[in-house]
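Quick note on numbering: the sequence shown equals residues 9 to 156 in the working numbering.
Among these hints, one or two may not hold up.
Restraint-style ranges between C-beta atoms, simulated for each label pair [claimed, not checked]:
no.	residue 1	residue 2	range
1	Ala-104	Arg-10	47 to 57 Å
2	His-115	Val-50	34 to 44 Å
3	Thr-119	Ser-91	23 to 33 Å
4	Leu-17	Ile-59	10 to 20 Å
5	Asp-35	His-120	34 to 44 Å
6	Thr-119	Ile-20	13 to 23 Å
7	Ile-20	Trp-82	18 to 28 Å
8	Asn-66	Leu-150	22 to 32 Å
9	Leu-42	Trp-82	25 to 35 Å
10	Phe-34	Ala-108	31 to 41 Å
11	Met-93	Ala-63	19 to 29 Å
12	Tyr-64	Met-93	31 to 41 Å
13	Ile-54	Phe-112	16 to 26 Å
14	Ala-96	Thr-67	24 to 34 Å
It should be emphasised that the hints constitute simulated quantities derived from the structure, not laboratory data. Where is the CB? At the ideal position from N, CA and C, for every residue including glycine.
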Amino acid sequence: MRTPMILLLKFISCAIAFAIGLDLFFDADIVDILSFGLTVTVISYIIGDRIILPAYGNTLATLVDFILTYIVVWVFGNIYLNSVMQIAWGSVISAAMISAAEVFVHHYLLTHHPEDDRSANEKRIRSKLAFGTEFAEDNDVLDKKKND
Numbered sequence: 009m010r011t012p013m014i015l016l017l018k019f020i021s022c023a024i025a026f027a028i029g030l031d032l033f034f035d036a037d038i039v040d041i042l043s044f045g046l047t048v049t050v051i052s053y054i055i056g057d058r059i060i061l062p063a064y065g066n067t068l069a070t071l072v073d074f075i076l077t078y079i080v081v082w083v084f085g086n087i088y089l090n091s092v093m094q095i096a097w098g099s100v101i102s103a104a105m106i107s108a109a110e111v112f113v114h115h116y117l118l119t120h121h122p123e124d125d126r127s128a129n130e131k132r133i134r135s136k137l138a139f140g141t142e143f144a145e146d147n148d149v150l151d152k153k154k155n156d
């Protein structure tokens, strides 16, 4: 139940941000806004919320969400949109608004469902940093043959 609610919350915040950043200041279609919103929602959830947030925390996850949103709008904006100014300013405005919303989404994820993300993350980090030392004597085959 947690994942659909988070995805819906992210999609609504992305749609609002793209409606303001791409449609209010410039001329974008509703199809463009919804397709950008869906793309950013899926990519941001997989990379930002499932990989970066548990491993590195809210600050880096928000920065990654800003960069991902900027890149998605810049790349797909060249395909769908006609104006270079619309792509440039729309990507900055939308990325800033989505990053501001992601702070609250990340805070919700970390406070209401900490056992899912933190415990798995701590186990993964401990297993990566757990260095085992093995002490053993090396048996030299040549010395053994000389003693026999």
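Results of checking the hints against the structure:
no.	hint	result
1	Ala-104 x Arg-10: 47 to 57 Å	27 Å, violated
2	His-115 x Val-50: 34 to 44 Å	21 Å, violated
3	Thr-119 x Ser-91: 23 to 33 Å	41 Å, violated
4	Leu-17 x Ile-59: 10 to 20 Å	19 Å, holds
5	Asp-35 x His-120: 34 to 44 Å	39 Å, holds
6	Thr-119 x Ile-20: 13 to 23 Å	20 Å, holds
7	Ile-20 x Trp-82: 18 to 28 Å	23 Å, holds
8	Asn-66 x Leu-150: 22 to 32 Å	59 Å, violated
9	Leu-42 x Trp-82: 25 to 35 Å	18 Å, violated
10	Phe-34 x Ala-108: 31 to 41 Å	20 Å, violated
11	Met-93 x Ala-63: 19 to 29 Å	37 Å, violated
12	Tyr-64 x Met-93: 31 to 41 Å	34 Å, holds
13	Ile-54 x Phe-112: 16 to 26 Å	19 Å, holds
14	Ala-96 x Thr-67: 24 to 34 Å	26 Å, holds
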